[in-house]
Amino acid sequence: MHMADALISPAVGGTMTAATACVAAYSIKKVQNDLDDKKVPLMGVMGAFVFASQMINFSIPGTGSSGHLGGGMLLAILLGPYAGFLTMASILLIQALFFGDGGLLAYGCNVFNLGFYTCFIAYPLIYKRITRKGLTSGRIFGASMVSAILGLQMGSFSVVLETLFSGKTELPFGTFVLLMQPIHLAIGIVEGLITAAVVTFVWKARPEILECTEAGKTLGGISIKKVLTGILVAAIVIGGFVSWFASSNPDGLEWSIERAAGTTDLEASGIIHDLLAKIQSKTAFLPDYSFKTATEDAANSYTGTSVSGIVGGALTLGLAGLTGLIISAFKKKKTKIAQ
Amino acid sequence: MSYHEIEVRNLHFSYPDGHEAIKDISFTIYPGESVGIVGANGSGKSTLLSLIMGILFPDKGEVRVGDVIVTKKTLATIRKRLGMVFQDSDDQLFMTTVFDDVAFGPRNYNLDENEVKIRVEEALEKVGIPHLIDRAPFKLSGGEKRAAAIASVLSMKPDVLIMDEPTSGLDPKSRRRLINFLKGYNHTKIITSHDLDMVLETCDRVIVLKDGEVAADEATLEVLTNGELLDKCGLEVPLSLQKCPVCGMVKQHR
Amino acid sequence: MSKIVDSIYNIRLLDDLARKDTSIHRLHPVSKLLTTIVYLIVVVSFNRYEISGLLPFVFYPMVLILLAELPVMPIFKRLLMVEPLIIGIGILNPLFDPRGRITFASIMIKSGLTVMACLVLVSTTGLDKIAQALRTLKVPSIFVLQLLLTFRYISVLIEELARMVRAYALRAPQQKGVRLKDCGSFAGQLLLRTFDRAQRVYDSMKLRGFNGEYHSYSKSKITWKDILYIIAWSLFFITARVYDIPAFLGLLFERMSY
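Residue numbers (the numbering used here), protein chains in the order written: chain P, 1 to 339; chain W, 1 to 254; chain Y, 1 to 258.
Hint data in this document are derived by calculation from the structure and do not stem from the laboratory.
Treat the hints with care, as some may be off.
As the list claims (entries may be wrong) - Cβ pair distances, simulated, as ranges:
#: 1; chain 1: W; residue 1: Cys247; chain 2: Y; residue 2: Ser185; range: 48 to 56 Å
#: 2; chain 1: P; residue 1: Gly134; chain 2: W; residue 2: Thr28; range: 19 to 27 Å
#: 3; chain 1: Y; residue 1: Arg193; chain 2: P; residue 2: Lys334; range: 44 to 52 Å
Just so it is clear, the structure is predicted and the values come from calculations on it, not from any experiment.
The beta-carbon is built from N, C-alpha and C at its ideal position, and this holds for glycine as well.
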């Protein structure tokens, strides 16, 4: 479910990074206020744990396929939402840097998709609600399943929205949703099962770990109102930013909306389109001449299948190769002199 | 040199599950002494160390370091005087380079960066691994990790060095290097170990624990040649003092 | 199992590369980080039908790989293991639009460029210096310390996990992977060991004076070289973004051949 840089636009990436940064700053404040400074090594080691456990592929009997743990819910349950969110953030940063799993620009999106919905929505609104009367294995199971499934559904839907608003693919909204949601439903079920199993295990073997987070003064203070307000604000900000860039790519969005199957989708997309158009006209932005230049030229050179376009591409690559040879020759000379 | 003595008086401690780990232990360790604490598994060695360091607090009795009693309030002072090296070096080397690990302590003392650098270099020199200064911990061998862990404590210049099973997992050469280091280190030392031969070489006094109590507290040779006592406590005479396995001669220890 | 071992190998390799000493490695981490971000933003700002305009951007990773003497094969290998989501999304594009093939190509090129930029950043800077850069950019020390701890303990935990999986596999030779119902206790065991370790690491930190604040290390100064680095590359990126260099070269070629 990791988004890559190639799928997003700078606007979406920037907005989500801003959103993530706000949530992270808030979380850091909350963690710092928590008098127990044991949180830091715990977050570090738990981060390594979730990273490591993401490497386990389990075989699902009968289907012959395999899946792996995501970890957001587990982190929230064992560390609390704030520490859990930050831990998810560091895991994703290491994955982005060392494995290219998710890019640096898409980092904000990924932390949000995998961390926010699980720690700040599924955890307080679902998990805590179901277990507020105390822990039993039944409640743990139910709470873990529902929160994991819904958390993942929200996350994957977020991916769809982010990809749609970036306009870098042809995929229409409807098809994309139909693809993403069921897959992540299956993953969510598995994650729910594992989360439930692990939490139950910990609860039976070392209940004091869970009691610590349950009684934590930092928890339980998240009101639904705040969460909804946050989402609304984020939606407006995202919408505003997107229109800014949508003006340069109206054809793509419009086109995929036309191709989406089913009238309901068409209506829904129509509403999005109208909204965007309204915001667009209101934010009478300066014609981004600079960005249009390259775009127009590219469009022309493509549609005209002009020779110059292809030749130019070849020449560029050739130049790159030449530069490369020069640099490596220079380097070899340097090492020869050094020897 | 430090002038603090460590006094443990009528110490009692039980774990939350009811297990009575320490039952009325008392002893005093004088400045400059090298004390080995031995005993079977479960005899309370590690618990005792945790109580001395203030990681755990006794149910009854007290631990006194110099003129300060170990309580939650005096922890900062105590920990400046005592340096503890853990059994598992990976728990101690939690930064991403050896330099940062050894510098962690001095930096927490708010020393300026130049002083920190000097301390790190000195500490690594003392344990014989100055060349590993920029290495990542996961690339070190067991012996190198142990040396780095010791350095990370030495850089804080403690008065007392406390070590939990320092030779466990070390290959013979690393073990020899560690023994040589300990022989040359003159501050107070408290060492728990199963490696009775190492204790024989490095400690002048041995405390034997059995089921949370002190079974013996005397000079090293007195304790480690007493086969009956050691046997009762789940131990045996050090290999270097036993009969030669080939010809059966008893070795003379100088 | 091999995925587990692969990942440690990968991390170690990149960490090793980061410790080399070349002109690129000596640059200040903040300048490398910022340049990478500018690069990413510009590459990603191209629309979905862009291909030729993206080509000049191959200069950046290529030049850095050569100047920093990075091995090309491992980096290329990583490129090929692209996240399935991209391939899945990419392949569907041609189905929705005849121009979809262009979109697919564009996505693939962008993916290659962006992933290379990240890998080059890490192999010339290393997590330590990136952490230093984050601190310089005012990221709170709690987060940075915790990031370093996570990184540090990944190899420890993965080794522990590998031992557990190996022991399991030796007693269950028929299966591929761990059975779902065993996963709970598997993960649970590892988790409890993790908690214990966290406790010991905490003790060891406290014993060395840790009080919640992480004092970061010597900050290397930013020199004119670092500033020149950011400015020079940024100018190149922006120029390549604004003016379609391949098209320009192509036109030039055309004109010259008449």
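Against the structure, the hints:
no., hint, result
1, W:Cys247 with Y:Ser185: 48 to 56 Å, "holds (53 Å)"
2, P:Gly134 with W:Thr28: 19 to 27 Å, "violated (50 Å)"
3, Y:Arg193 with P:Lys334: 44 to 52 Å, "holds (49 Å)"
The structure shown violates just one earlier hint, number 2.
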